[in-house]
Structure formats: structure tokens, C-alpha cells
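Number of protein chains: 2
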Amino acid sequence: MTKNSYAIEPIGVIRSELTDLADAPLQGDEGGYEAWLELTPQVAQGLAGIKAGDHLIVLTWLHRAQRDVLQVHPRGRLEAPLRGVFSTRSQDRPNPIGLHQVSVLEVAGQRLRVTPLEAIDGTPIVDIKPVLSAKPSER
Amino acid sequence: MTKNSYAIEPIGVIRSELTDLADAPLQGDEGGYEAWLELTPQVAQGLAGIKAGDHLIVLTWLHRAQRDVLQVHPRGRLEAPLRGVFSTRSQDRPNPIGLHQVSVLEVAGQRLRVTPLEAIDGTPIVDIKPVLSAKPSER
Chain A
463 MTKNSYAIEP
473 IGVIRSELTD
483 LADAPLQGDE
493 GGYEAWLELT
503 PQVAQGLAGI
513 KAGDHLIVLT
523 WLHRAQRDVL
533 QVHPRGRLEA
543 PLRGVFSTRS
553 QDRPNPIGLH
563 QVSVLEVAGQ
573 RLRVTPLEAI
583 DGTPIVDIKP
593 VLSAKPSER
Chain B
463 MTKNSYAIEP
473 IGVIRSELTD
483 LADAPLQGDE
493 GGYEAWLELT
503 PQVAQGLAGI
513 KAGDHLIVLT
523 WLHRAQRDVL
533 QVHPRGRLEA
543 PLRGVFSTRS
553 QDRPNPIGLH
563 QVSVLEVAGQ
573 RLRVTPLEAI
583 DGTPIVDIKP
593 VLSAKPSER
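Chains as they are written, first to last, in our numbering: chain A, 463 to 601; chain B, 463 to 601.
Calculated directly from the structure, the hints in this document are not laboratory data.
Some hints here could point you the wrong way.
Stated by the list, open to error - Restricting the straight-line Cα-Cα distance to at most 27 angstroms, the calculated cross-link-like pairs of lysine-lysine (BS3-like) are: (1) A/591 with A/465; (2) B/465 with A/591; (3) B/465 with B/591; (4) A/513 with A/591; (5) B/513 with B/591; (6) A/465 with B/591; (7) A/591 with B/591; (8) A/513 with B/513.
All chains, please: the whole structure from these sequences, using the hints.
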């Protein structure tokens, strides 16, 4: 049976000079910022093995998103026809989880400096995963 | 302020012949199965624009995972040194969100037939996103 809901508990928070949603690029590779991932002490052990130069996928909870939106004009272009949110990267969607591919610049205890990141300061982090190499034998 | 928790509400469920975790490959491209994504009627509008041939990222809630695990032996190899879960794709982690890149084979109302998928039958789906093309101008 599927439960009706599961509790996501943030493992940390994004610290960035980017504080205003209006200034945020739509995707990290469209002008993302350097940012710090500040993990909580409770999960710090989970960072073991991460080093500068690694490529990671950061999962965030886009806490400013609207969760009751199912269709949007892609990239906010009002002249474009409405599309289902699951065929877009709109932050407005039932479960507003953001995916951000970043490179690690520096590891400082339970903080990671990464780039590029388009999420604003204060965005909760919910998971971090490595980008998989194309070859299963190298995973 | 970051809240202590957010409620994820599944938008659907995976229907697959794969019913036993012990038979599941570690990643979809290591022998994943065809599967159906069954969305709930409440979010069906969100699928508008998705068609056969599309490449999607399916986000799941790995409901059988252990959430109190912070270090693992990568890929279950006991001879390998322990690593932090955030540098692995272990399903055991504080917020067990699975990422699965799939191709759409068929769209049938609020159901999508996709391949390859390594998640077991009954796994809750929490989000669906398009794979971004490399060129921002084509998004």
C-alpha cells in the first residue's frame, strides 16, 4: 500500500548571495552562482568520500513553490501554450523537488562549496547524490 | 527559516513485474525493467505534453529504505571501505528519493509505459521531470 504522505526532513540549507527569486536564473548552467551547502551536524558522516572536483546532484525542496499548479506556460512565456508541469522544469508542481547538477570546489567540514547553483539562499537541501559515470564498472 | 519537515504526497505508483528487492538491479541501465507509471487522477493534467520517445527523470520515494543509515559499503561490497551515503547511490539515506532516467514507450491516459526502471512494484512516484537538452535555447 502507498501511504498518503511521507515526511522529508532537510539535511541542510543553501547559503548563497542569491537571495531574490526574481534574480534567479531558470537553470544552473544559465548563470548559476557559487554557493555553500551547509549540512546539519546530524548527517555530517554522510559526506565521507566527497572531495573537490566531484560532480554531484543536489536535491532541494523549493519551499517558495506553489504546489497546486498542474499546468504552466513553459519558462514563463505567456505566448507559449500551457503544458503539464511534469513535462517542464517549473518549480511550481505538487512535490517541488529541485535537481541541481554541481561541481564541488571545496570541502570544509560539513560544508561544501559548489558551482553553479540557481537556488536561492535558505533553500532546504534534502539529498545529495553522485552523478553516475556512464560505465557501471566504474561506479 | 527552514522547517523541520515537509510532506511529500505521492502523485502515483510504479507497476512492474519486479516485485522483490533482491532481484532489483542497482541502476536502471544495469538491467532495468519495463514498467508503468500510474498517476493519480488528481494530477493527470500535469502530464499534458508528454509523448512516446520523451526522456524523463522519475523521482520516487524508496519506501523500503532505511533512513538512519549514513555510511555504507558501496554497492554492497563488504570489502570496500565505508563511504558516506551522499557519495553513493545507496537507497538507504535520510531522505530516500530515487532518481530514474527513463524513455517513454507509450502514453495511455494517466499511465506511462517506460523503460528501463529498477524500482519495484508499488514504489510511490513523487515527481516527473524532463531530461534537459544541453542547449538552453531548445528548452
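| query | Which numbered hints turn out to be false for this structure? | reply | 8
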